[in-house]
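2 protein chains.
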Amino acid sequence: MNEMKKKSDVVIVGGVAAGPKTAATLARRKQDIVITVFQKEKEISYGTCGLPYYASGDINSFEELTKTSYDFPRTPDFFRRSKGFEVITGAEVTDINREKKTVTVKILDSGETFEHEYGTLVLATGAVPNPPPFPTPDSPNVRPFTRPGDAIGFRQMAEKGKIGRALIVGGGFIGCELAEAAGSLWGIETILVEKEPQLLPYILDPEMAAIAEREMKRQDIEVITGAMVEKIGLDSDGNPVVHIADREPVAVDYVFLCMGVHPENALAKKCGLALGEFGGIVVDSHLRTSDHDIYAGGDCTETVNQITGRKLYIPMGSLANRHGRIIAENITGHAMEFPGALGAFLVKVFDFNVGAVGLSESAARKAGIKYSEVLGSFADKPDYYPESKSMTVKLVYETETGRILGLQAAGSGDICRRIDTMSALMQSNATLDDLLAFEHGYAPPYAEALDPLHHLAAIAEARQMRGVKFIGPGGDFSSFGSDTIWLDVREPAEIEAEPWPIDEKHGKLLAIPLNDLRGRLDELDKKSKFVIVCKRGPRSYQTSTILNQAGFTDVTILSGGYQAAQG
Amino acid sequence: MNEMKKKSDVVIVGGVAAGPKTAATLARRKQDIVITVFQKEKEISYGTCGLPYYASGDINSFEELTKTSYDFPRTPDFFRRSKGFEVITGAEVTDINREKKTVTVKILDSGETFEHEYGTLVLATGAVPNPPPFPTPDSPNVRPFTRPGDAIGFRQMAEKGKIGRALIVGGGFIGCELAEAAGSLWGIETILVEKEPQLLPYILDPEMAAIAEREMKRQDIEVITGAMVEKIGLDSDGNPVVHIADREPVAVDYVFLCMGVHPENALAKKCGLALGEFGGIVVDSHLRTSDHDIYAGGDCTETVNQITGRKLYIPMGSLANRHGRIIAENITGHAMEFPGALGAFLVKVFDFNVGAVGLSESAARKAGIKYSEVLGSFADKPDYYPESKSMTVKLVYETETGRILGLQAAGSGDICRRIDTMSALMQSNATLDDLLAFEHGYAPPYAEALDPLHHLAAIAEARQMRGVKFIGPGGDFSSFGSDTIWLDVREPAEIEAEPWPIDEKHGKLLAIPLNDLRGRLDELDKKSKFVIVCKRGPRSYQTSTILNQAGFTDVTILSGGYQAAQG
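Protein sequences appear in the order of chains A and B.
No gaps in the numbering here: position 492 of the first sequence is 492 in the numbering used here, and each next residue is one more.
No gaps in the numbering here: position 261 of the second sequence is 261 in the numbering used here, and each next residue is one more.
Rather than coming from a laboratory, the hints here were simulated on the basis of the structure.
Don't take each hint at face value.
[To be verified] With a straight-line cut-off of 30 Å between C-alpha atoms, the simulated DSSO-like cross-links for lysine-lysine are:
| id | chain 1 | residue 1 | chain 2 | residue 2 |
| --- | --- | --- | --- | --- |
| 1 | A | 348 | B | 527 |
| 2 | B | 30 | A | 348 |
| 3 | B | 389 | A | 67 |
| 4 | A | 217 | B | 381 |
| 5 | B | 67 | A | 389 |
| 6 | A | 529 | B | 30 |
| 7 | B | 527 | A | 381 |
| 8 | B | 40 | A | 381 |
| 9 | A | 30 | B | 30 |
| 10 | B | 348 | B | 311 |
| 11 | A | 348 | A | 311 |
| 12 | A | 526 | B | 30 |
| 13 | A | 389 | B | 527 |
[Stated by the list, open to error] So the derived label-pair ranges between C-beta atoms look like this:
| id | chain 1 | residue 1 | chain 2 | residue 2 | range |
| --- | --- | --- | --- | --- | --- |
| 14 | B | 518 | A | 112 | 36 to 42 Å |
| 15 | B | 428 | A | 270 | 55 to 61 Å |
| 16 | A | 113 | B | 493 | 40 to 46 Å |
Beta carbons: idealized from backbone N, C-alpha and C, even for Gly.
Only chain A is shown next, with the shape it has when bound in the complex:
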């Protein structure tokens, strides 16, 4: 370590995402500015979000996560020489004196402490894992998954073949990513336990999460939802035993505790900065805290939901990096605002891609917005193109104005494009009409002539303007009694391959292929209650037109068809 400076123009606490990004931008903007980053851990500027992919073996060595694109390790020396700022690792900031404008730093190896003066202070302390609400043993094999050591510890054991069976507590992003890491690549028998009745709770609606869950099950992950872990103990060999309510104890070799994170706010709290309802540091749109000389960014802060205007805690590396740049701009006197977040996310679940932006149906309900929703299943490319894959998408929009509130998507197809597109459209409060007017890039290797997003908007308009009735796979089926007719209009071969799993209390099945329907209308009673089923939805839509035009009065389309409900 170089001789330590006693004073910096800008002191940054935290060296993972928002911290180094702030420092690098500042150093480029201002000549001779003195910047010091204090980082508690030894590791710095590693790709946190890449940890599951190191654990899985997708990435060879941990060092890859800390390297630049030209294979150069991001060490303190690198930051000093290439980027022009100081990074002190293994250095914990234990206190902030806002009056004197100093931080107290403790060098963890030596125990030495000292004061360091700042002109401006930036807090980028990140997040810490939520503690389990049940007893856990003190074991290296029962641990969260947020720090490099967690990933390295797991991988070392996996490489030695010491993990036959693993259990993940929590079915959020990290839980889902780790299910793939453990189950797919190391062939570990993997159990995922989630206390809510669905995977990815709070961010996806149940029927969309069910798509991810079915994929996990196809990949031999045992998914147990709606299950409370009550205790984790150790057996006589020191291996973890997980006690789940109303179940036999489960003996495993490794337990991941993935129950989310919360803002690391200890320092901010200690020095009296304003904290919000999620415990995040409160910042204004310029990312300034309640102290004029202190900024904060990344996972230690709360943000505003751009749709509802409410506070939101959304720890994401992408937002942290954007924060870093904005803080640097503001420090150098170029006012720049962070507009809040729409909550775009993506997560890979084995061969499926899952993502969303904006509000789910449940989030819209919770926010008290009067919404409608439509859902559909589509091919991401023309069906005739060899690499065509499926996806199910769900659109939530404000009923009265048609303003788009959110999109959810899941499937093997290219959902990223659609999430990003929708995020871009929502940035300027797009409506259904704007979505219909969206011009996508088209060629058969990439897309259909009309994009799934166009079809979704068209379905929404059919619902809005022409009263076409839809029910999604997550809908309330209670109004369909045993005399409801589920009219399956697929071809016989399709039905044989993938029969619709009828629940007798909600009706009986009848199969008439769409192409025969007009000639067989007299077999049907116009006064019956119908639910129309096909593979993805378009044939049901066509069927409902035929039936409605023929004077049938109670016709509902199963949105997304078999694909969305079972695929």
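Since chain A is already given, all that's left is putting chain B on it; use the hints.
Here is chain B on its own, set in the frame of chain A:
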């Protein structure tokens, strides 16, 4: 064929894209509406854009292109029974009597003609290939590539192994797609000749097109640009011989004539409808022609460029389908406008994806808009992620306002997402600030924490606000004389693997890795003219900061680095 009706509420001329889409939407909207589609060819509603992929063998049988997603062929019977409208194939509309509101139809097989009355007429006559401006022989092996027969004819010969060598005249979309079809999948020795000095002229800037050209050459396609075909003849065996100016004649087995298309306007012209500067049928924003009772859509019409407000001819299946829906809405009394086009497109060139939206630099120049441009090379995912791929993107924006004018992208990476995102942003006249505020979906298997689009916006702001100097691989290098220093800041191993091809008249090379630069500044003369080279651009940007802060006065960054210029 059913007994032919004499009269329809809506008559549609053309059964490929806009026609059937109009008909299907209308039939769903209006009970008992009588719709007849007349289609000159036997084939109907085939995926025109899929023809190259049938030719290539990617798609097994031609029938795939005419099938629904549930494997049901789109025959006239299918349209009647499932969709509720009549389609008469092999039926050419030869005349329109606007006063009597009738069309004259000729059944091509029998020669029979008859009149058919319309309430509303929709012209969806599509496009026809531009005739070659040079003599061509009458041979089935020298032909355009726009109709099913063209694809079927080529494939039959290819399957029989009768094509050893093929030549494509024209390096636009279809020409590029066919180079892959012939060269990659059938292993045919393939030559592509383009009269302009670049591939994909008019829609891409030269340095972006050069990326596609390099990929073609890597895939063993012989690309000859800036070359005029003067004549195509036949040798004594009846095989084509292509005569190119200033070259030896080229004997081949097959010639594709891919010199673009123009609107099929014969009918419209004959009955006196207004035509535009590109020969397309003039329509208003509701897609109504100069006759109140006649609409037109798809490739036979012209549209408006949403950025320049000028007329634009852009034949695209995606726009045709959107037209179809809009025409149907307007016919049923629900006013709906087509906003014009941004010109989004994608084209697959072997393992590279190429696309754009909005104005290229040359288009902006031509439109008289004061623009600036920035270019960068990026990984589409984190470099540590195994499937990370490269892409080069170029952004053109209005200098004064920062309004985004266009994006071009090429590379093996996922450019589709970025084209669609930018199209969505441009739909509401996004600026650089809006681009910085874009919230993308982030997870390592899909993207970096900051998207290439964010980086592009940041580069543009560096240029705008801080006067950082950039030159792209397509820039004017004439101001760099032999005393210019090209400072290559890559690591020695990178330089050895991919040396920068210095042109001595534009300067001399000097290699100092970025990480050593601060310690070796005294080796450099602050008054020299510098161009900084790295792999993709970020290190050059960092270098320019270091040099500028150290008092160097003439530092230019090579945008996109080695990757954009040579990758």
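Taking the hints in turn, this is what the structure says about them:
1. A:348 / B:527: The hint is violated at about 52 Å.
2. B:30 / A:348: Distance ~43 Å between residue 30 of chain B and residue 348 of chain A Cα, so the pair is violated.
3. B:389 / A:67: Holds, at roughly 17 Å.
4. A:217 / B:381: holds (27 Å)
5. B:67 / A:389: holds (17 Å)
6. A:529 / B:30: Answer holds: residue 529 of chain A to residue 30 of chain B is near 23 Å, not above 30 Å.
7. B:527 / A:381: violated (55 Å)
8. B:40 / A:381: Distance of about 28 Å is within 30 Å: holds.
9. A:30 / B:30: Given pair residue 30 of chain A, residue 30 of chain B is violated - Cα atoms ~66 Å apart, limit 30 Å.
10. B:348 / B:311: Distance ~27 Å between residue 348 of chain B and residue 311 of chain B Cα, so the pair holds.
11. A:348 / A:311: Satisfied, since the Cα-Cα distance of roughly 27 Å is no more than 30 Å.
12. A:526 / B:30: holds (19 Å)
13. A:389 / B:527: Not satisfied, since the Cα-Cα distance of roughly 57 Å exceeds 30 Å.
14. B:518 / A:112: 36 to 42 Å: violated (28 Å)
15. B:428 / A:270: 55 to 61 Å: Since residue 428 of chain B and residue 270 of chain A have Cβ atoms about 44 Å apart, the given range 55 to 61 Å is violated.
16. A:113 / B:493: 40 to 46 Å: Holds: the Cβ-Cβ distance is about 42 Å, inside 40 to 46 Å.
The structure does not agree with the numbered hints 1, 2, 7, 9, 13, 14 and 15 stated previously, though it agrees with the rest.
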